[in-house]
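Visitor: Listed below are the residues making up each chain.
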Amino acid sequence: MNMKKALIVLIIGVLLGVLFINKSFLLMIFSLVLIYAIAATGLNIVSGFTGQVSIGHGAFMAVGAYTTAAMAMDFGTPFYINILAAIVLAAFLGFLIGLPALRLKGFYLAIATMAFGVAVEQLFAAIEHFGGHIGMRNIPRFFESDFYIYLLNLVFFVVLTYVASLILHSPVGEKYKMVRDSEVAARAYGIKPSRIKLNAFIVSAIYGGIAGALYSHTVGYISPPDFGMNTSLNLLSMIVIGGMASLEGGMIGSIIITGLPFLFSRGNIPMTLIFGALLIVFVLFFPQGIAYGLKLLSMKYLGRPWALLVRKSWSRRAEDGKYVTVNGKKIFYRQQGNGPAIVMIHGNFGSHRWYEKVSSIEGYTTYIPDLVNFGKSDRIDNVSIDTYADFVKGFMDQLKIEKAVVVGHSLGGAVSMSLAFRYPQLVSKLVLVDSAPVNGLVTPEENFPVLEMMKGNVSLLRNSLKGIMPACEDQKILSEVVKDALLMKDECFSENARALSRYDYTELAERYKNPVLFILGKKDMLITHDMAENTLKNLNGRLEVLDHVGHSVILEDSQLFKKLLINFVNL
Amino acid sequence: MLILQSIILGIPQGALYGLMAFGISLIFRTVGVMNFSHGNAGMFSAFIALTVFLLTQNLLLAILCAVIFGILLGFLIEKFLMRPVKHLSHGGMLIITLGILMILEGLAQIIWGVNPFSFNELVSGPPLMFTLGEDGLLILPLNDLLITVISLGITILLAVFLKVTKVGIAIRARSQDEVGSKVVGINTNMIDGLVWGIGISLSALVGVLIAPKTTVTPTMMMNMQLYGFTAGVLGGFTSLYGSILGGIILGILEKIVGIYISPDYQLTIILLIIILMLAFKPSGLFAKKFEGRV
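Protein chains in written order, with the numbering used here: chain A, 22 to 592; chain B, 10 to 303.
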């Protein structure tokens, strides 16, 4: 959550409050939801992010609530002093319960925290000054108006969530996750797991303490059972249902766990039954919780209309170029200059635009097609590298290009290899730019859902394209190639990647004797140095490694690419 | 004198705590789950016993039904809830037992309501009295004596069962090495189910035995479970018999605190013991070494 998101949440919260300004009962529920969300966020820090399941978190709320209530009633000190005291006490208690946590793991820790939770509850019940089992009543509320109380809670919630996100994205937050994932690995990196756990406990205790302090002045009366075992279990249910290790999880869980009882208030079903069932169902079937589901849903579907719109309007746009018909399919291409031919073939998620900045080569004619299934060219059903290459051959035949220098980027590299190795007479020189290797490029199976998701999510697509051109600073060209990528045939988002794993030209490569140049960016995340060398093994080729670029030197450093290309073709 | 009396009153109570801890640590040692629904499973069984008793007026039958129900419940929990996540996540198993805890409480509230029911003692009669010295008088209620005898008897029975019978040896093998026990042909799923059954039936027995004192309510076993955990922590979850001893120590301690300090602080002080024990000697008083099972 960044500043912008925090402000949006704040504004939405205020609007919601204004909407129900006359319904003080609803505002009260909203306040409770926010308070429990704060406590749950705290619990999530220690349980979700640091992996230490705690079932005594109600105790921290109890400490916060009783501290502020007692101070306000006994000494009449203002809230900002009381809450400081509550924070200090809660942190101290967090430190105390964190101490056994230094040595305990898993179940033992759960027992310790449970015992701690019950002990604190019993302790408060035993102190006469705090009203014993009956608790304290007539605690001064923040304001007369429920609306202002709600606003105050909202501000606390937004600020605390923002702070939590700061903590979690700081080095300490990363250490939390390291300790959760593997204490051994964390130790290997010089992290003391015990210290980090203690740290997490104290932070989450402070959240609990603040939530408790808000509770006592929002509701106006407190009693030990308000912060007992049930509350602790409810907090745990919130983060399990909402989403462990997710900042939104606490809020979502709190809406469900705090809000649900008011829905069922007429029936006789005990809430524990429903919460328990929810808890088990979520652990068994949706262990990542609602927050994760929502995120996935929004990634998959929310961006879809927008992606569709972008795609529609972009495909209508007139492009400056020509069409040629190959095997009954129209192929879009751009042509520039005079002289011997250079054919430039773009990669996966690509289009002719990728070569826009390098299209004028003095003394040569450049032909830059959109491959079939890409950009403005027609669609075909058979997705394979050889088919793409056959269409390029047809394209060259139609335009009467007898011999050409072929440039291929990424998937285009595989296409141009297929073309060059099967029809060596057509290709005088071959330039491979971060090309898929000679023996195929296997995309891990777990990446395919993400590739599919890019269809309907412009920002995801943009981010991943940005990822393969790390040194590109031209935002305009980036957003244009992103739109071009959307024009790709629907199935091709994953089919192209599969096609890339289905070929092997290792033996064919021996038939090609002409010079080859392989340009590899050192920051390339897809093509490794080994792949490039392996590709050149049976070829008459040279490897050029560029330190400052990634997968797409064409866009990242067009001038350098042009220079390399001119040097090579003029050789 | 007072201290002797509190020891005598503490032992029966402690024997029950020990029995509770025995079930918890049996499940923990074998299956690797700390069962947080242990107390409520016993509570639910006690309600079953109550229902049977109200229908038949036969106390023995009622207790038998509760124990059998406990075994069944254990089997069901293992088969449908624990098995799917057995090798996936300890945190998940822990949270599921918490879910069961909540569900059982909710179900009991729906079926039997929140009003307490009274439950008959096993035996009623004048308590045993001993006179010591001039003004010393020790009192031991008959029911307490029977509870102690039953608890210790069951423990010894189970100890023998685990030591000599084939199934008992299989259980111990499973607790030591899951893969190894599979290799020699032990059906570990079956064993796990059985262990859950035995564990929860012990809790059911405790529930029935303690019911005359606490009355039967949906929250009757909440503290019992905590005491069970404490006893386990005192004795060490890695040693089954340590938990019985731990339970008895705990029972006596509880009475002493109740008599000398204040009954209000009984639970708080006992719970502090857990935290201190866990902080400084998590292996327990009687275990040989801490295995750190998570």
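Some hints could be false.
Mimicking DSSO-like on lysine-lysine, the simulated pairs with C-alpha atoms at most 30 Å apart in a straight line are [claimed, not checked]:
{"no.": "1", "chain 1": "A", "residue 1": "Lys558", "chain 2": "A", "residue 2": "Lys424"}
{"no.": "2", "chain 1": "A", "residue 1": "Lys213", "chain 2": "A", "residue 2": "Lys343"}
{"no.": "3", "chain 1": "A", "residue 1": "Lys534", "chain 2": "A", "residue 2": "Lys497"}
{"no.": "4", "chain 1": "A", "residue 1": "Lys583", "chain 2": "A", "residue 2": "Lys450"}
{"no.": "5", "chain 1": "A", "residue 1": "Lys321", "chain 2": "A", "residue 2": "Lys378"}
{"no.": "6", "chain 1": "A", "residue 1": "Lys351", "chain 2": "A", "residue 2": "Lys450"}
{"no.": "7", "chain 1": "B", "residue 1": "Lys290", "chain 2": "A", "residue 2": "Lys213"}
{"no.": "8", "chain 1": "A", "residue 1": "Lys487", "chain 2": "A", "residue 2": "Lys544"}
{"no.": "9", "chain 1": "B", "residue 1": "Lys290", "chain 2": "A", "residue 2": "Lys198"}
{"no.": "10", "chain 1": "A", "residue 1": "Lys333", "chain 2": "A", "residue 2": "Lys543"}
{"no.": "11", "chain 1": "B", "residue 1": "Lys290", "chain 2": "A", "residue 2": "Lys316"}
{"no.": "12", "chain 1": "A", "residue 1": "Lys198", "chain 2": "B", "residue 2": "Lys172"}
Just so you know, these hints were derived from the structure itself, not from any lab.
Visitor: Okay, which hints does this one fail, numbers in order?
Guide: When the structure is compared with the hints, numbers 2, 3, 5, 10, 11, 12 turn out to be violated.
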